[in-house]
Amino acid sequence: MSDFQELAPVLGKYGKVPGSLITILQKAQDIYGYLSKETIEYIAQATGIKPAKIYGVATFYAQFRQEPIGKYLIMMCKGTACHVNGADLIEEAVTEHLGIKDGETTEDGIFTLNNVACLGCCSLAPVMMVKSMEGDETYGNLTKDTVKAILDEIRCRNQEVQAV
Amino acid sequence: MKIIIGQGSCGIATGAKKTAAEFEKQIHDRSLDIPVGLTGCVGTCYLEPIVDIYDDDNHLTRYVKVQPQDVTNIMDSHFSCQLGKDSSHCITRLDEEVIEKQKRVVLRNCGLINPEDITEYIALGGYQAMNKVLSEMTPADVIEEMKISGLRGRGGAGFPTWFKWNAALTSPGNEKYMVCNADEGDPGAFMDRSVLEGDPHSLIEGMIIGGYAIGANQGVIYCRAEYPLAIHRLEVAMEQAREKGYLGKNIVDSGFDFELRIKAGAGAFVCGEETALIASLEGERGMPRLKPPFPASKGYWQKPTNINNVETFANVPWIIMNGGAAFGAMGTEKSKGTKVFALAGKIKKGGLVEVPMGMTLREIIYDIGGGIKNDREFKAVQMGGPSGGCIPASLIDTPVDYENIGKIGAIVGSGGMIVMDETTCMVDMARYFLDFTRKESCGKCNYCRIGTKRMLEFWRELLKGTGKMETSSYWKSWRKRLRMAPCVVWDKPHPIRC
Chain A
1 MSDFQELAPV LGKYGKVPGS LITILQKAQD IYGYLSKETI EYIAQATGIK
51 PAKIYGVATF YAQFRQEPIG KYLIMMCKGT ACHVNGADLI EEAVTEHLGI
101 KDGETTEDGI FTLNNVACLG CCSLAPVMMV KSMEGDETYG NLTKDTVKAI
151 LDEIRCRNQE VQAV
Chain B
1001 MKIIIGQGSC GIATGAKKTA AEFEKQIHDR SLDIPVGLTG CVGTCYLEPI
1051 VDIYDDDNHL TRYVKVQPQD VTNIMDSHFS CQLGKDSSHC ITRLDEEVIE
1101 KQKRVVLRNC GLINPEDITE YIALGGYQAM NKVLSEMTPA DVIEEMKISG
1151 LRGRGGAGFP TWFKWNAALT SPGNEKYMVC NADEGDPGAF MDRSVLEGDP
1201 HSLIEGMIIG GYAIGANQGV IYCRAEYPLA IHRLEVAMEQ AREKGYLGKN
1251 IVDSGFDFEL RIKAGAGAFV CGEETALIAS LEGERGMPRL KPPFPASKGY
1301 WQKPTNINNV ETFANVPWII MNGGAAFGAM GTEKSKGTKV FALAGKIKKG
1351 GLVEVPMGMT LREIIYDIGG GIKNDREFKA VQMGGPSGGC IPASLIDTPV
1401 DYENIGKIGA IVGSGGMIVM DETTCMVDMA RYFLDFTRKE SCGKCNYCRI
1451 GTKRMLEFWR ELLKGTGKME TSSYWKSWRK RLRMAPCVVW DKPHPIRC
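Chains A and B, in that order, give the protein sequences.
Going by this note's numbering, the letters in the first sequence line up with residues 1 to 164, in that order.
Going by this note's numbering, the letters in the second sequence line up with residues 1001 to 1498, in that order.
If you are wondering where the hints come from, they were derived from the structure by calculation, not from laboratory data.
For every residue, glycine included, the Cβ atom is placed at its ideal position computed from N, Cα and C.
You may find that some hints are simply not true.
Claimed, not checked - Over 10 Å on every C-beta distance to chain A, these chain B residues come out as not near it, computed from the model: (1) Ser1009; (2) Ile1012; (3) Leu1134; (4) Arg1193.
Stated by the list, open to error - Only some residues are given here: those of chain B computed to face chain A with a beta carbon under 7 Å: (5) Cys1010; (6) Phe1190; (7) Gly1245; (8) Gly1248; (9) Ala1266; (10) Ala1342; (11) Trp1478.
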C-alpha cells in the first residue's frame, strides 16, 4: 500500500472539492481498513490540507481508526436499551471468550471488538453487528451463550475457508 | 398473489433475509409463480420476521416470527385450501390491535410499500404533494400551511417548523441550503432509521417541498454511518426520483431546480446539534459554535441554511395533501399532530409506535406496549436521550406532549422511550449517561470536558459504595457550571439532575 494507488480515484473525485475531508477519510479507511500515519500524510500532500488538521478530524470521529483491525469487526451496541438489557454482560462474555477488550484485536487477527453508541435495533436489545468483507450481519436478543456460539461459528467458518 | 417480507434492519437481524430466501426456494421447488417482495419496518419489531401474504383478492394474512424452518408449514397450509391456515404463526388479534391503536402519519407507508420501488410510493399518492406545491402554491403559501398545521421540529427541540422556514426564506441571499438531520444519535431511538429504510421517498418529497418553500436549490442529507442500510435505500430512492425528474433541473416543468446528496456522518453524538452538524458537513471536527448567527442566516458555507429532522420532513407531504388544519386537529393545543416513539428496554412489545400527541405514558407503555417484560414492576421511562430525563412511575399518567413532559423536567426529544423495571439501578443509569456524555463531549468547553469526567468519577464512587457526602456538593457545583456551557446539547443534562 506504499504508493497509495487505490486512493487515486478517490482523490481525483473529492481532492479539490471543499468540505470533502471526511468523505476522503471514509473511503481511505474502506480501502486500507484503518488510517495509518502514512495514509494521513499522503492525503495531506494530495489535498493540501495540513496533516495536523486531518489527524484532528480523524481522531474526533468514532468511526475512524488509527490501528489495523481484524477480519471481523464486532460492533457491540452500548445504547440505552442495550445497556438496560444487559449489554455489559454480553461484552464480558466476548472478552472472556476471545480474550480481547474494547478496541483490541485477537492475536490471530480474526476479531476486533469495538463498543459503539447505538445501532438503532433497540427493540432487539442487546444487539451487536459484525462487519467484514462478507457484509454486515446484525445479531439481536443476545445472551451470553448465543454470543459465544455466534463467534465460534464465525471462527469455524473462517478456518474452513483457510483450509480450502 | 404476492408475499411481502419485512426487511428493515430489525427484521434482517432476526433472520428475515433467510426466511425470504427459503420462501423463494420453496416457491421455485413447487413450481409456483408468486413474487416475493420486501418492505421496510412494520413497527412491531417484537414480531419479526413478519411475512405478509396477499391473496389474489388482496386479502392479507400476516404471519409473525417466521424462521426458515416454519416456511414449509406456512406454504403447505396457506396454499392448500383443505388444511386451513397455519394458525401457530398467524398474528393474534391482540397484536393487530397494537397497530390499530396508533395513528399513522409519518409511518403511513412503512411496512406497506417496497422502499426500493418508487412506483409503489407513487401508487399510494406519493409525489402528489410535490406536484401540488410546485404547480399551485407559492413559497409563502407552503409556509402558511405549515403554520396552520402547527408542526414542530421532531428532532428534539420542538421549534415551530414554519418559523424556521420563514426565517430561511426571508434571509437575504440567492444560494440557500436545505439540510436533513438524519444523524439519529440518541441511543435508544430508531424512528428515523425506520423512515429512511421503510419510506425514503417521503423524506425526499418533504425536502423538495421544504427547499421550494425557503428558496433552496440544494439539499443535503446528513445520515449516520451506523445506518448502512438506510444510506443504501436512500441512494436507490434518490436515483429513482432523479430518473422520474423529481430531482434535478426544472422539476416536473415547474422551473424549480433541486439537487440532493447524502453525506455520511462519521460517528459523533454532538453532530446532532445543528452548528456542529454544519461543521461536520464542511469536513471539520463537529464542534458546535455560539448562536447567533443562526443557520437561517449563516449556515452551511456561511449561506442561509435550514435544518430539519427526518420525521419532520416525512410529515410535510401529508400536511400538504390533507391540509394543515387536519394535522392540527390531532394532538393537543400546543403540540399538534402525531409523534413516533421508539419503545424499547424492559417492554413486552418493543417497536415503533405513532400516536397523537397528548396520549399518556401509561397508555403508550401498557395499552400499546403491552406492559413490562415478565410482568415486573414499572420503575421509570427514559425519554429524550442523554439530554432528556428519567420519568418515575409516579408520573406515568403524564400526557406526552412538549409542555407536559417539559414541566416534569424531561423532554420529548426525538422520541426514544426506554422502559425500566424494578431490576434497573437508577444510580447505574446516571453513571451510564455520564459515561456517554463524557465520551461524546467534543472537548471545546472546559465545563463539559472536565465537568462530565469529574461528575462521572462521583457516580462511580457511589456505585462502588465509597461515595461521600462532601463530594456531592462538589458534584452539584460542577452540574451548575455545566449548565452554563454554551452548547445546547448539554445545557439540560436532565438524567444527572437528581
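Q) Checked against the structure, which of the hints given earlier come out wrong? A) 1, 2, 4, 7, 8, 11
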